[in-house]
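Enquirer: Model the full assembly from the supplied sequences, consistent with the hints where possible.
Number of protein chains: 2
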Amino acid sequence: MALRNSPKNAKENARERIINSAKKLFAEQGYQKTTVVDISRQAGLSEAALYEYFQGKEDLLLTIPDLWVSELLQDLDEQLFGIQGAVNKLRKYLWWYLRRIEQAPLDAKIVYLFLKTNANFMNTEVYTNVKTLYAYLLSIFAEGSQSGELKPDLNPRLARDIFVGTMDHIVTRWLLKDMSYSLFDNLENLFELMVDAYRAHRHPAPETAPQEV
Amino acid sequence: MALRNSPKNAKENARERIINSAKKLFAEQGYQKTTVVDISRQAGLSEAALYEYFQGKEDLLLTIPDLWVSELLQDLDEQLFGIQGAVNKLRKYLWWYLRRIEQAPLDAKIVYLFLKTNANFMNTEVYTNVKTLYAYLLSIFAEGSQSGELKPDLNPRLARDIFVGTMDHIVTRWLLKDMSYSLFDNLENLFELMVDAYRAHRHPAPETAPQEV
DNA sequence: TCGATAACCTAATAGCATTAGGTAAAATGC
DNA sequence: GCATTTTACCTAATGCTATTAGGTTATCGA
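Protein chains in written order, with my numbering: chain A, 1 to 213; chain B, 1 to 213.
Just so you know, these hints were derived from the structure itself, not from any lab. This one's a predicted model, so the numbers in the text were calculated from it and none came from an experiment. Check before you lean on any hint, since a few could be wrong.
As the list claims (entries may be wrong) - 20 Å max Cα-Cα, derived PhoX-like pairs, lysine-lysine: (1) A/LYS33 / A/LYS57; (2) A/LYS131 / A/LYS92; (3) A/LYS33 / B/LYS57; (4) B/LYS177 / A/LYS131; (5) B/LYS24 / B/LYS57; (6) A/LYS57 / B/LYS33; (7) A/LYS177 / B/LYS131; (8) B/LYS33 / A/LYS33.
Stated by the list, open to error - From chain B, some residues computed to sit far from chain A (all C-beta separations above 10 Å): (9) LEU67; (10) TRP95; (11) GLU102.
To be verified - Stretch-level coverage of chain B by chain A, calculated; a stretch enters the list once three of its residues show a Cβ under 8 Å from a Cβ in chain A: (12) 163-174; (13) 185-193.
Where a beta carbon is used, it is the ideal one built from N, C-alpha and C, also for glycine.
Expert: Listed below in structure tokens is the structure:
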């Protein structure tokens, strides 16, 4: 029989148990189809107890990926530290991001499939953090532009749209297909293709290109 | 007072009214927050009547964009007919798609924000049609590859991932930001950037590129 | 004109999120 | 060491919402 938690640790213990249960169930059955009873049962509590820790089901959904995305943000600086050149940084960014997705598929599923479509997502801490995560790319593009490695007139926002769009697209597909293959299949080719949009041409076409039919 | 519909037209009338009401409410308040009563009220019916036309709320969600996406699919051939060259076709594709999105933002919102995250989406007619819509790009890329306009070794699937990912990304952002700006801002620049990933270089680099530090 | 059927309704039913109100163990103050 | 407060948790409502049962009235085909 379950012993009552001592007040000192209980709050953290129970809170974590609830989050983990919810994370698992949301990812498995979807947000709508998991009930609060399911979550609290799995966490070994009554429904009412859950409401001591969270304001409700939606609050849970909005809170779950908080920690994960914060960690991502912290890790990013670390990972890119000491890498030379815009293209190398972009490559590292892509591999790093996909590996983190692969390592935390439950969090990823919740963010990509349930959170982003929630009306309140834009008012979330997670949203701010994701934006910061993506904003990092802007400085990489600007740097590469300046150094001559990338096109001198590259618009960082448009470059980011392509990068993030492509990244999100392959992640979403992977999640919808139940993670049944490796995220890294063909990734090097995809990356090289995409980077060709950013790279300065080694032999640039003349300013006044011939007007063909 | 509302007159009872004559059986001949009623079925189609009521069905349409329900679809339109649901479309509007889903897009305005989200799927979860609109109730069946809301929908039937707006359509001028009782809840029970709604169940004569649809199996339930989820069925309604899955059915709404059916017509729209079918129309898209039919229109696509027409629109690309007679356009010469892969890049020109891609440009037309992008502009056409975004214009259709702009013209039917309610349908777009439902597909992008609510349908794609639904567990049953993959078993839907809409899913099949969307796949076909995107598959069209594969043949454009293959054609361009063959004709020499695009890279000879271009992988059509990867090219499509970049194209669709970027497209979906700007559409999703536009929808999340409540359609508060034009989808076509800066689109030409974005397109030109993206196409540089696909285009055959006019002055290709030598096979054995120098290994720099 | 008379069933039959279509279109629609009111009034349950049942599932689920959320809350009220309580209990008993642990912590705190003295 | 005892009284009091606080913490963690519970059972049992409450109220909203999707879905269904069963009925009613208008239209249609013969």
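Enquirer: With reference to the structure, classify each hint as holding or not holding.
Expert: Going down the list of hints, with the structure as the test:
{"no.": "1", "hint": "A/LYS33 / A/LYS57", "verdict": "12 Å, holds"}
{"no.": "2", "hint": "A/LYS131 / A/LYS92", "verdict": "19 Å, holds"}
{"no.": "3", "hint": "A/LYS33 / B/LYS57", "verdict": "14 Å, holds"}
{"no.": "4", "hint": "B/LYS177 / A/LYS131", "verdict": "14 Å, holds"}
{"no.": "5", "hint": "B/LYS24 / B/LYS57", "verdict": "14 Å, holds"}
{"no.": "6", "hint": "A/LYS57 / B/LYS33", "verdict": "14 Å, holds"}
{"no.": "7", "hint": "A/LYS177 / B/LYS131", "verdict": "14 Å, holds"}
{"no.": "8", "hint": "B/LYS33 / A/LYS33", "verdict": "15 Å, holds"}
{"no.": "9", "hint": "LEU67", "verdict": "22 Å, holds"}
{"no.": "10", "hint": "TRP95", "verdict": "16 Å, holds"}
{"no.": "11", "hint": "GLU102", "verdict": "18 Å, holds"}
{"no.": "12", "hint": "163-174", "verdict": "holds (count 8)"}
{"no.": "13", "hint": "185-193", "verdict": "holds (count 4)"}
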